[in-house]
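Protein chains: 2
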Amino acid sequence: MSSFLFLQISSLHKHISDIVEVAAMCGVNIVCFQEAWTMPFAFCTREKLPWTEFAESAEDGITTKFCQELAKKHNMVIVSPILERDSVHGDTLWNTAVIISNTGAVMGKTRKNHIPRVGDFNESSYYMEGNTGHRVFQTAFGRIAVNICYGRHHPLNWLMYSVNGAEIIFNPSATIGELSESLWPIEARNAAIANHCFTCSINRVGTEHFKNEFTSGDGKKAHHDFGHFYGSSYVSAPDGSRSPGLSRVSDGLLVAEMDLNLCRQTSDKWNFKMTGRYEMYADELTKATQMDFKPNIVQE
Amino acid sequence: MSSFLFLQISSLHKHISDIVEVAAMCGVNIVCFQEAWTMPFAFCTREKLPWTEFAESAEDGITTKFCQELAKKHNMVIVSPILERDSVHGDTLWNTAVIISNTGAVMGKTRKNHIPRVGDFNESSYYMEGNTGHRVFQTAFGRIAVNICYGRHHPLNWLMYSVNGAEIIFNPSATIGELSESLWPIEARNAAIANHCFTCSINRVGTEHFKNEFTSGDGKKAHHDFGHFYGSSYVSAPDGSRSPGLSRVSDGLLVAEMDLNLCRQTSDKWNFKMTGRYEMYADELTKATQMDFKPNIVQE
Chain E
1 MSSFLFLQIS SLHKHISDIV EVAAMCGVNI VCFQEAWTMP FAFCTREKLP WTEFAESAED
61 GITTKFCQEL AKKHNMVIVS PILERDSVHG DTLWNTAVII SNTGAVMGKT RKNHIPRVGD
121 FNESSYYMEG NTGHRVFQTA FGRIAVNICY GRHHPLNWLM YSVNGAEIIF NPSATIGELS
181 ESLWPIEARN AAIANHCFTC SINRVGTEHF KNEFTSGDGK KAHHDFGHFY GSSYVSAPDG
241 SRSPGLSRVS DGLLVAEMDL NLCRQTSDKW NFKMTGRYEM YADELTKATQ MDFKPNIVQE
Chain S
1 MSSFLFLQIS SLHKHISDIV EVAAMCGVNI VCFQEAWTMP FAFCTREKLP WTEFAESAED
61 GITTKFCQEL AKKHNMVIVS PILERDSVHG DTLWNTAVII SNTGAVMGKT RKNHIPRVGD
121 FNESSYYMEG NTGHRVFQTA FGRIAVNICY GRHHPLNWLM YSVNGAEIIF NPSATIGELS
181 ESLWPIEARN AAIANHCFTC SINRVGTEHF KNEFTSGDGK KAHHDFGHFY GSSYVSAPDG
241 SRSPGLSRVS DGLLVAEMDL NLCRQTSDKW NFKMTGRYEM YADELTKATQ MDFKPNIVQE
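If you read the protein sequences in the order shown, they are chains E and S. For the first sequence, full-length UniProt numbering assigns the number 1 to the initial residue and increments by one for each residue that follows. For the second sequence, full-length UniProt numbering assigns the number 1 to the initial residue and increments by one for each residue that follows.
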């Protein structure tokens, strides 16, 4: 890691440390940071260097070590989404969230299941679709899962975390206004309703400028920024209610108190899983992925 | 059919005929009525009679015949959700939508896939989960599908209609304020986003009173009404935008102009189906329905 990158990561560590200090004062049990929180969201540039240098080991990188200290100090579970370098498997990169127990132990990691191919989100040039399935982490404060960024557009992704028992599904994101702001208040809130769980929508804030100009495949001239990350983080509950959103222009800490009993209470009332007919859908989905699939279209 | 019931159905035919007349003046191509539109939503009573007498043949019942005339007269596709009596299969009842072509021909029928077991929605006493899968109807004005009422809570239901090619998914409903009003603006709108299609949320309006008192399994005294059907019908587009809602207290006709090109344009931009990883989900769902399924829970 170059000294320049080290300086940038260290500054972000310091910044987040201050925020977590406030969270601790508020009695927070579980904190989740934004997607790829230790780096600029530089994938729009399509440059590999220096950005891939931000990738770290999920198990013992400097950011995970930093979070372990923080977790232990504050008796807090930390969800730390980073760019992961997996040296065991050929130095592959992944978009990964590391789950750190309130004891300071690394509980494990979970990877982004769906990778965008839209606009400046050229992420598929940097890492592949996750291979960790739909793990749920039994923390001291509830069963949590992490649906990273673009995965929020896929209702099945939310569903499988819920089928595995998640009470809270975090959605650490980095997304810009022009692309997704009209969808942002709907998708995670629907997921909370559909899955009888809490969802936490977390977005980056601000506009990031890059030294080298790049084009966006939209016929416009080359430029130096990606668009505005609109923040607006919020929390949704199983009953469809939601918290106010954080600012769309400045950093913030959203503290939400969740009564996890509401998950089972809502489920016992509605029970979408009991009426979900998943055998039928497993069968229909299997057929729909076959080469010889013929859509069921009725003609006159 | 008793003369009393005949009178009630005929009055509703007259009423809807007047509304469709206005729709025709507006140039409407496809109209969809509310769920079980020819009858009171009487399932809360748990009485079989006289309510089951409202059930008709989907193919040649008086309501289908009425709709055929109307469709032909106005060159309009009609989606007519009724209580169906299937005499070919042992006089079973179904919650069914009949699709009538603008030529007046019956294109086919599609049944409610998910049946609620919540509050006063005792519908599972009257009919079973539909067995018509996720048919899409290629009409002269677009490919349409019908997700009846409670099916809107199940993202997979919307998905499969979309996988089969639906450009517009109608959601004829009869649902009351206390139960679902907080979810109503979210679910169908999310379905439009997630599936790159239009969705039409249609709800009954008003409060229906029943002669015989009934209890609701909520510890309260017996009563004569079901609660208020809150109307608020609206249309959602693939880009996440939506129309205003109709009144929550009076009947209405919502006319929406949809550019169906927006479905493919949105899909070509985002393409959630390409990044959907349905093979993985078919496999995970299959496993999740097995008796020996063990949720993927990571312990410290």
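Treat each hint with caution, since some may be false.
Identical copies go unnamed one by one, so any copy, or any two together, can satisfy a pair.
[To be verified] Below, simulated BS3-like cross-link-like pairs (lysine-lysine); rule was C-alpha separation at most 30 Å, straight line:
{"hint": "1", "residue 1": "K73", "residue 2": "K294"}
{"hint": "2", "residue 1": "K273", "residue 2": "K294"}
{"hint": "3", "residue 1": "K273", "residue 2": "K287"}
{"hint": "4", "residue 1": "K211", "residue 2": "K269"}
{"hint": "5", "residue 1": "K220", "residue 2": "K269"}
{"hint": "6", "residue 1": "K287", "residue 2": "K221"}
{"hint": "7", "residue 1": "K269", "residue 2": "K65"}
{"hint": "8", "residue 1": "K221", "residue 2": "K269"}
{"hint": "9", "residue 1": "K269", "residue 2": "K287"}
{"hint": "10", "residue 1": "K273", "residue 2": "K73"}
{"hint": "11", "residue 1": "K269", "residue 2": "K48"}
{"hint": "12", "residue 1": "K14", "residue 2": "K65"}
{"hint": "13", "residue 1": "K211", "residue 2": "K14"}
{"hint": "14", "residue 1": "K211", "residue 2": "K294"}
{"hint": "15", "residue 1": "K221", "residue 2": "K211"}
{"hint": "16", "residue 1": "K14", "residue 2": "K73"}
{"hint": "17", "residue 1": "K14", "residue 2": "K287"}
If you are wondering where the hints come from, they were derived from the structure by calculation, not from laboratory data.
Hint check results:
no.: 1; hint: K73 with K294; in the structure: neither (58 Å within a copy, 34 Å between copies)
no.: 2; hint: K273 with K294; in the structure: both (28 Å within a copy, 16 Å between copies)
no.: 3; hint: K273 with K287; in the structure: both (22 Å within a copy, 15 Å between copies)
no.: 4; hint: K211 with K269; in the structure: between (54 Å within a copy, 27 Å between copies)
no.: 5; hint: K220 with K269; in the structure: between (52 Å within a copy, 17 Å between copies)
no.: 6; hint: K287 with K221; in the structure: neither (44 Å within a copy, 49 Å between copies)
no.: 7; hint: K269 with K65; in the structure: neither (43 Å within a copy, 39 Å between copies)
no.: 8; hint: K221 with K269; in the structure: between (54 Å within a copy, 20 Å between copies)
no.: 9; hint: K269 with K287; in the structure: between (33 Å within a copy, 25 Å between copies)
no.: 10; hint: K273 with K73; in the structure: neither (39 Å within a copy, 44 Å between copies)
no.: 11; hint: K269 with K48; in the structure: between (50 Å within a copy, 24 Å between copies)
no.: 12; hint: K14 with K65; in the structure: within (13 Å within a copy, 73 Å between copies)
no.: 13; hint: K211 with K14; in the structure: within (24 Å within a copy, 69 Å between copies)
no.: 14; hint: K211 with K294; in the structure: neither (49 Å within a copy, 49 Å between copies)
no.: 15; hint: K221 with K211; in the structure: within (15 Å within a copy, 71 Å between copies)
no.: 16; hint: K14 with K73; in the structure: within (15 Å within a copy, 72 Å between copies)
no.: 17; hint: K14 with K287; in the structure: neither (51 Å within a copy, 44 Å between copies)
Hint violations for this structure: numbers 1, 6, 7, 10, 14, 17, all remaining hints satisfied.
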